[in-house]
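Chains S and U supply the protein sequences, listed in that same order. If you want this note's numbering, it's the 1-based position in the first sequence plus 1037. If you want this note's numbering, it's the 1-based position in the second sequence plus 68.
Just so you know, these hints were derived from the structure itself, not from any lab. One thing to keep in mind: the hints can contain errors.
[Claimed, not checked] Taking lysine to aspartate or glutamate pairs in the EDC-like style, the calculated list, with each CA pair at most 16 Å apart, reads:
#, chain 1, residue 1, chain 2, residue 2
1, S, K1150, S, E1118
2, S, K1148, S, E1118
3, S, K1344, S, D1295
4, S, K1148, U, E82
5, S, K1148, U, E292
6, S, K1189, U, E82
7, U, K381, U, E247
8, S, K1150, U, E82
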Amino acid sequence: MISCILARLRELRTGGASGKVVGAMDAIVIDNVQKRFGTVEAVRGLSARVPAGSIYGFLGPNGAGKTTTIRMIMNIISPDEGQIEILGRSSLLRRGNRIGYMPEERGLYRKMKVRSMLAYIGAIKGMTGREARAATDRWLGEIGLSAWAGRKVEDLSRGMQQKVQFAATVINDPDVLILDEPFSGLDPVNLDHVKGIMLRLHQSGKTIIFSTHMMEHAERLCDQILLIHRGEKLIDGPTQEVRASHQTDAVSLELESDDRFVDALPMVAEVIRNGRRMDVLLRDGSDSQELLAALVGRVRVRAFEQKIPSLHEIFVHMVGGADA
Amino acid sequence: MRKILKVAQREYIETVKTKTFLLSVFLTPLLVGIMLLFVGRFDGGVGGPQPPRTITVLDLSEQVAEPLTAVAAEYNASRPDRQIRFDVLEPPENPDVRIEDLKQQVRRGEIDALVVIDHDVLDDGDGARYYSFARTVADLEMYEKVYRLINEAVVTRRFEAQGVSPEIVSRLQRSIPVEQIDLSSKVEAQRDMPVMILVPFIFVFLMFTGVFGVGQGMLTSVIEEKSSRVMELLLSAVTPFQLMSGKILGLVGAGMTLMAIWGAGAYLVGAAMVVSDVVSAAMMLYFLVYFVLGFLVVSSLMAAVGAACNTLKEAQGLMAPLTVGLVVPMAAWFYIAQHPNGTFAIALSFIPPITPMVMVIRLAADPELAAGQIAATIGLLVVSVPAVMWASAKIFRTGILMYGKPASIRELARWIRYR
């Protein structure tokens, strides 16, 4: 709830500051969208709202329908049914330059020089030649590739090319960034680098939507998430709310000395031991505070925390073990 | 429009920068030059010196051998690099056996060729036979020469038989020179080459090379964008139609640059050779229109082909019908140039992808071509360019993000019908 309010506050703030997002609470509205490829239903009845100014994660395993949804948002393919509204318009055409899109299929002109490549993308996104060149130099500095500006794209390593691709996405300072699997193929150092840039852009008021199948990235970055599986929405909303709503009556414990007595406590339903750690599942109607009271005095408690499930756990829980 | 121009600009610069482009700027005219030079020097012989040939002669008439040696000597004096020697044998007692024996020698390659001259060759009825065992093209050519020389010898002998001196005959038969002067040149000048017939060839050749260059450029460019996966990034900034139009514009620009360079070069050479008046300014304008329209049609088609394929190899199959179509005017140029107002030429003029090529040949061959046909064909192209671009854009839009197996013609037709 708090994050929701914060998100709204941020929307209002950015709307007021830049004057760009005024009157649009949702950057993107997906309304009951369907897409079939032959006999495969890639996306089924998907609805979601991406609040302006949020950092929004499209989560799901490979083949869940994330890329298809993103391509429909980008108007690269059209939905069979349903509507997609982007920055308040049903057509992307007039909004094209305000959206930065990093496709899952990465690619640059291999024979072009890095600087010309970025300046070209800037130009076809509506910048003047001078603006595009200035932005190119600024972003090459930002991603640490200034020294490579005059080299051909094919001379760059994969990670470097990926960063150039990222720069191409943001070159014209779009309001909304749509990144399809932005972290795949990045080493840990570059991954942190890109994440850092994403967070900074988010703080400056951009709406960022990205897809990933690696839920731990989303958990740390996103204030909103959408969990898709086999083309259908499992759950969406602010990350903390989603996690809190799946909170089980479980406590994660770490005790000093003998902890076998815990199994016999009246409020305990089940104990799962994980090395020195133990997850304690409470009986219905029991309170974790009762457990704490029962522990204190009998043993030294090193750690005691209400267990909040990770997105991965929520996902596994929702689709069932076999499907995950 | 600005985005289309940006795409066109990149396409143009990246195309003009390639080695292929630079090579074709210089190599193609060189090739044409060499060909023209070859045509100019072509006099019926297979070029280059050849080793002397010895032809065994069995003269059963015992009349021809002597003048034959004389005409051969005359021939050899004029062609020091292609000598022919006649080795005249004594008439045998049993000619049939001797002939069989000599034929065997020809087969075994012991003698180059055998000529048997019949007994009554000077009278009507009898003739001669030439036996050879062809191993090279030059062997086949030899017959023509031997035929000429033997006839010359026989005719000489006949005159002698009638008491007419061969010297008188040759003096009376001497041909007079007829100077050929073409008034289309700035200066009244004698021409060695039939320039008029070469003009259509040069233009259709330019167009053919240009059309294929532009088409190939489009194909390579689209396939590169597909295979390097840059397509989707581009589509986040421009619509498929903008992308395709920009590419077409850029490549047509590159094609026209090539034509302009070649045209300027040809003009300079033409001016030096004093033949530049052959092509009038009005005709150049028509050519320009046909070139641009032709490039537009072909590059649009190639954009669709490229979008439907993933590799150049796959594209070969899909473009085969187009390639065959474009080769037709190239193969038939001589016929069209000779009959620019024939039914065949007129019919071909109204098949859009090849219209420009056919019209260029016809116009070059007959500058007085009916204005109505020029207008009709240009009209046809002006209508078909947007139609082809529209259909290609539909295929392009669907194809560019399709990976996997190339689409069949039937699938392409379905893509066109997509909303």
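Structure-based check of all given hints:
1. For the suggested pair S:K1150 and S:E1118, the alpha carbons sit about 42 Å apart, so the restraint of at most 16 Å is broken.
2. Taken as a hint, the S:K1148 and S:E1118 pair is broken in the structure, with Cα atoms around 40 Å apart against an allowance of 16 Å.
3. Of the pairs offered as hints, the one joining S:K1344 and S:D1295 is violated, with about 22 Å between alpha carbons and a cut-off of 16 Å exceeded.
4. Annotation: proposed proximity of S:K1148 to U:E82 holds, straight-line Cα distance about 9 Å (limit 16 Å).
5. The suggested pairing of S:K1148 with U:E292 holds, with an alpha-carbon distance near 10 Å, which does not exceed 16 Å.
6. Only pairs whose Cα atoms come within 16 Å are accepted, and S:K1189 paired with U:E82 is accepted, the gap being roughly 13 Å.
7. With a C-alpha separation of about 54 Å, the suggested pairing of U:K381 with U:E247 is violated against the 16 Å cut-off.
8. Distance check on the hinted pair: S:K1150 and U:E82 sit about 11 Å apart at the alpha-carbon level, within 16 Å; holds.
Of the numbered hints given earlier, the model fails hints 1, 2, 3, 7; all others are met.
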